[in-house]
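Work out the full structure, taking the sequences as your base and the hints as a guide.
Number of protein chains: 2
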Amino acid sequence: MSVIKKDYSRPLDIRHGRVDMGHGAGGRAAAQLIEEVFLAAFDNEFLRQGDDGAVFTPPPLPPGARLVMATDGHVVSPLFFPGGDVGCLSVHGTLNDVAMSGATPLYLTASFVLEEGFALMDLKRIVDSMAAAARAAGVPIITGDTKVVERGKGDGVFISTTGLGVVAPGVAIAGRNARPGDVVLLSGSIGEHGVAVLSQRESLAFETAIVSDTAALHGLVAAMLAAAPGGVRVLRDPTRGGLATTLNELTRQSGVGMVLEEAAIPVLPEVDGACELLGLDPLYIANEGKLIAVCAPEAADSVLAAMQAHPLGRAAARIGEVCADPHHFVQMNTRFGGRRVVDWLSGEQLPRIC
Amino acid sequence: MSVIKKDYSRPLDIRHGRVDMGHGAGGRAAAQLIEEVFLAAFDNEFLRQGDDGAVFTPPPLPPGARLVMATDGHVVSPLFFPGGDVGCLSVHGTLNDVAMSGATPLYLTASFVLEEGFALMDLKRIVDSMAAAARAAGVPIITGDTKVVERGKGDGVFISTTGLGVVAPGVAIAGRNARPGDVVLLSGSIGEHGVAVLSQRESLAFETAIVSDTAALHGLVAAMLAAAPGGVRVLRDPTRGGLATTLNELTRQSGVGMVLEEAAIPVLPEVDGACELLGLDPLYIANEGKLIAVCAPEAADSVLAAMQAHPLGRAAARIGEVCADPHHFVQMNTRFGGRRVVDWLSGEQLPRIC
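Here the protein sequences come in this chain order: D and H.
Each step along the first sequence adds one to the number in the working numbering, with nothing skipped, and position 14 is 16.
Each step along the second sequence adds one to the number in the working numbering, with nothing skipped, and position 53 is 55.
Think of the hints as simulated: they come from the structure by calculation, not from any bench.
Any given hint could be a false lead.
Just so you know, same-sequence chains aren't split out, so a pair can sit in one copy or run between any two.
In the DMTMM-like style, the derived pairs of lysine to aspartate or glutamate whose C-alpha atoms are separated by at most 20 angstroms in a straight line are [what the hints assert, rightly or not]:
id, residue 1, residue 2
1, LYS155, GLU323
2, LYS155, GLU204
3, LYS155, ASP45
4, LYS155, GLU300
5, LYS155, ASP124
6, LYS155, GLU117
7, LYS155, GLU118
8, LYS155, ASP274
9, LYS126, ASP15
10, LYS126, ASP45
11, LYS126, ASP327
12, LYS155, ASP345
13, LYS126, GLU38
14, LYS126, GLU37
15, LYS126, ASP345
16, LYS126, GLU300
The structure is reproduced here in structure tokens:
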């Protein structure tokens with residue numbers, strides 16, 4: 003209830019300042035935080051409108067084009083980890099959800115829940131990382147919101163982002179589209195993001211630094227679709243729950259089964275070693291810069307070649323095949339010649355990984 | 003790291019169950035929570051796609067039509083208050099931000115940050131309230147996300163919603179459009195939302211129950227635009243920081259001043275009484291179902307009549323006028339014949355009001 007008298011004619015003291023409840027109250031302190039931290043980093047014509055929403059002219063939509071919206075909350079702990087932070091992650095995570103419809107992302111929005119006492123310096127670092135990721139992806143953050151909760155009622159910063167994208171006519175990508183005989187492709191090695199976050203959280207030092215694979219995948223998707231426009235049936239990024247859980251979601255959605263080849267699934271040796279040490283299975287570890295593609299058999303080779311020609315798909319591999327299976331099992335031919343069922347992640351393996 | 007073996011073939015125990023970390027891990031527990039709580043309530047063709055984004059065909063956009071996106075985080079405390087809860091608030095708040103561009107809202111997305119241990123019964127109550135608000139507004143929640151943070155790292159539930167809407171050709175509403183001579187209209191009495199939340203938070207019992215005004219305003223906006231298509235220049239909902247702060251934002255954006263008539267600003271007697279008791283000024287209290295409209299002078303009467311003919315604008319009033327002022331002051335002719343400057347809210351008055 004106290005009206006704190008502050009001198010808003012001076013710039014924020016980013017180096018020593020902390021988030022206080024006034025920064026979320028919608029008054030002058032909130033306006034100053036928005037201008038000097040968020041606007042300064044995200045700067046674009048839409049945010050400069052200064053209204054509660056951002057108005058824009060959509061690109062011309064040819065007949066048959068559709069739009070896609072995706073939203074994702076980001077609560078990763080710790081906020082900074084090898085290879086990234088919650089800021090760039092919140093941009094990549096939502097861009098990737100948009101891209102998994104085969105869409106070209108257009109715009110992003112961002113909603114922040116800040117904890118009282120959070121260092122403005124850390125906030126600025128996170129916001130600058132978001133801005134850099136958005137700029138690199140060519141997708142502006144056009145509107146946002148900031149709330150502040152009392153110390154002990156949040157955890158530094160949570161970021162929810164929402165993306166809007168355009169799906170070109172003729173692109174029909176959805177989790178329910180896999181058919182027996184289709185080929186399962188994976189864009190690269192699995193497990194880096196989860197292991198990088200966990201190693202930071204637990205202060206583990208591995209011999210070789212394992213860094214998150216966090217990256218925006220819409221460029222890779224565009225290259226794949228250009229190579230075989232109608233040949234990609236399903237795209238999905240194996241984040242929480244990892245490759246195993248994501249493939250189980252897909253078999254359930256499509257009403258099919260899958261058979262994987264364990265030897266074909268790329269895992270970096272250092273991730274393999276870390277997982278062994280920690281008692282984790284890389285199949286269940288989150289990724290933030292990888293995708294699974296289910297392709298028509300006749301398109302698989304050209305899609306795979308397009309992936310391997312892209313910087314984010316150099317280690318892409320054919321990892322399995324879709325089959326008919328009324329139980330919707332994901333099975334795996336193991337390195338040792340056996341076959342086992344790869345089940346869903348059933349409890350918590352790694353909480354707050356994204 | 004423990005793999006909790008649970009029987010997911012049984013429905014969730016909503017009556018006694020609580021959110022656990024597994025509900026945020028992206029595995030089978032998360033899928034069950036989403037199906038039995040979120041999908042069950044929000045049920046629509048887009049969510050049933052079951053993908054990480056929702057694909058839709060936009061309505062035909064005539065030449066000159068634009069789109070608008072708005073996003074808002076909701077951290078109100080307590081989660082339930084007289085007249086509403088964080089669920090319906092998270093729908094109304096974002097719909098209103100979309101509507102303040104003069105747009106027709108099309109779709110909503112929702113991102114949840116849940117605290118471990120939160121009662122599933124309360125979650126269901128909130129989600130059902132969101133679903134009812136979305137249905138009443140005619141705007142489906144087409145995609146969403148759920149994260150879980152450890153006990154003590156959140157506060158029950160935070161909800162970030164994002165809305166997409168269409169602005170018809172010829173509608174040009176923005177905070178920078180007010181001009182000297184324009185008329186300032188207010189759609190009804192101020193202060194109810196903030197006082198309702200505060201009374202619940204502080205367990206105050208007033209003689210007359212004060213309930214939040216939370217409501218979706220896009221229908222009211224449509225009626226106003228139909229009455230005077232080009233006559234509405236600015237729309238804004240006076241939420242955090244209240245009427246006073248919102249008008250100061252507008253004078254700054256438009257580079258003008260304003261003169262208000264205190265006697266013309268509607269305040270319910272019970273709100274006036276509660277504010278006096280609590281040492282609050284209704285001018286700074288949040289509203290969630292009111293709007294300010296700045297209109298061309300020749301359009302003001304017909305816009306006001308359209309507001310008063312709508313259920314959410316029955317108490318609409320002409321509260322002041324825009325003037326030229328290089329200082330961008332909001333001034334007020336008081337009930338007692340004086341004139342004073344109505345400044346921005348400068349610190350925190352009421353934290354976590356929305």
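These are the hints, each one checked on the structure:
Neither within a single protomer nor between protomers do LYS155 and GLU323 lie at most 20 angstroms apart by alpha-carbon distance, with minima of 46 angstroms and 42 angstroms respectively. For the homomeric pair LYS155 and GLU204, the shortest alpha-carbon distance between copies (18 angstroms) is at most 20 angstroms, but the shortest distance inside one copy (23 angstroms) is not. Taking the shortest alpha-carbon separations for LYS155 and ASP45, neither the intra-copy value of 30 angstroms nor the inter-copy value of 31 angstroms comes in at or below 20 angstroms. For a Cα distance limit of 20 angstroms, the shortest separation of LYS155 from GLU300 qualifies neither inside one copy, at 53 angstroms, nor across copies, at 50 angstroms.
Proximity of LYS155 to ASP124 under the C-alpha cut-off of 20 angstroms is found in both arrangements, the shortest distances being 18 angstroms within a copy and 18 angstroms between copies. Taking CA atoms no more than 20 angstroms apart as the test, LYS155 paired with GLU117 passes in both settings, with 7 angstroms inside one copy and 10 angstroms between copies. Taking identical chains as interchangeable, the C-alpha atoms of LYS155 and GLU118 lie at most 20 angstroms apart whether they share a chain (9 angstroms) or sit on different chains (12 angstroms). Taking the shortest Cα distances, LYS155 and ASP274 never come within 20 angstroms of each other, neither inside one copy (37 angstroms) nor across copies (31 angstroms).
Within a single copy, LYS126 and ASP15 get their C-alpha atoms as close as 11 angstroms, which meets the 20 angstroms cut-off; across copies the closest is 42 angstroms, which misses it. In this assembly of identical chains, the alpha carbons of LYS126 and ASP45 lie at most 20 angstroms apart only when taken from the same copy (14 angstroms versus 39 angstroms across copies). For the homomeric pair LYS126 and ASP327, neither the shortest alpha-carbon distance inside one copy (50 angstroms) nor that between copies (35 angstroms) is at most 20 angstroms. Neither within a single protomer nor between protomers do LYS155 and ASP345 lie at most 20 angstroms apart by alpha-carbon distance, with minima of 35 angstroms and 30 angstroms respectively.
Proximity of LYS126 and GLU38 under a CA criterion of 20 angstroms is satisfied intra-copy only: 9 angstroms inside one chain copy versus 39 angstroms between copies. Only within a single protomer do LYS126 and GLU37 lie at most 20 angstroms apart by alpha-carbon distance; the minimum there is 12 angstroms, versus 37 angstroms between protomers. In this homomeric assembly, LYS126 and ASP345 never come within 20 angstroms of each other (Cα to Cα): the closest approach is 41 angstroms inside a single copy and 28 angstroms across copies. In the homo-oligomer, the alpha carbons of LYS126 and GLU300 never lie at most 20 angstroms apart, since the shortest distance is 49 angstroms inside one protomer and 46 angstroms across protomers.
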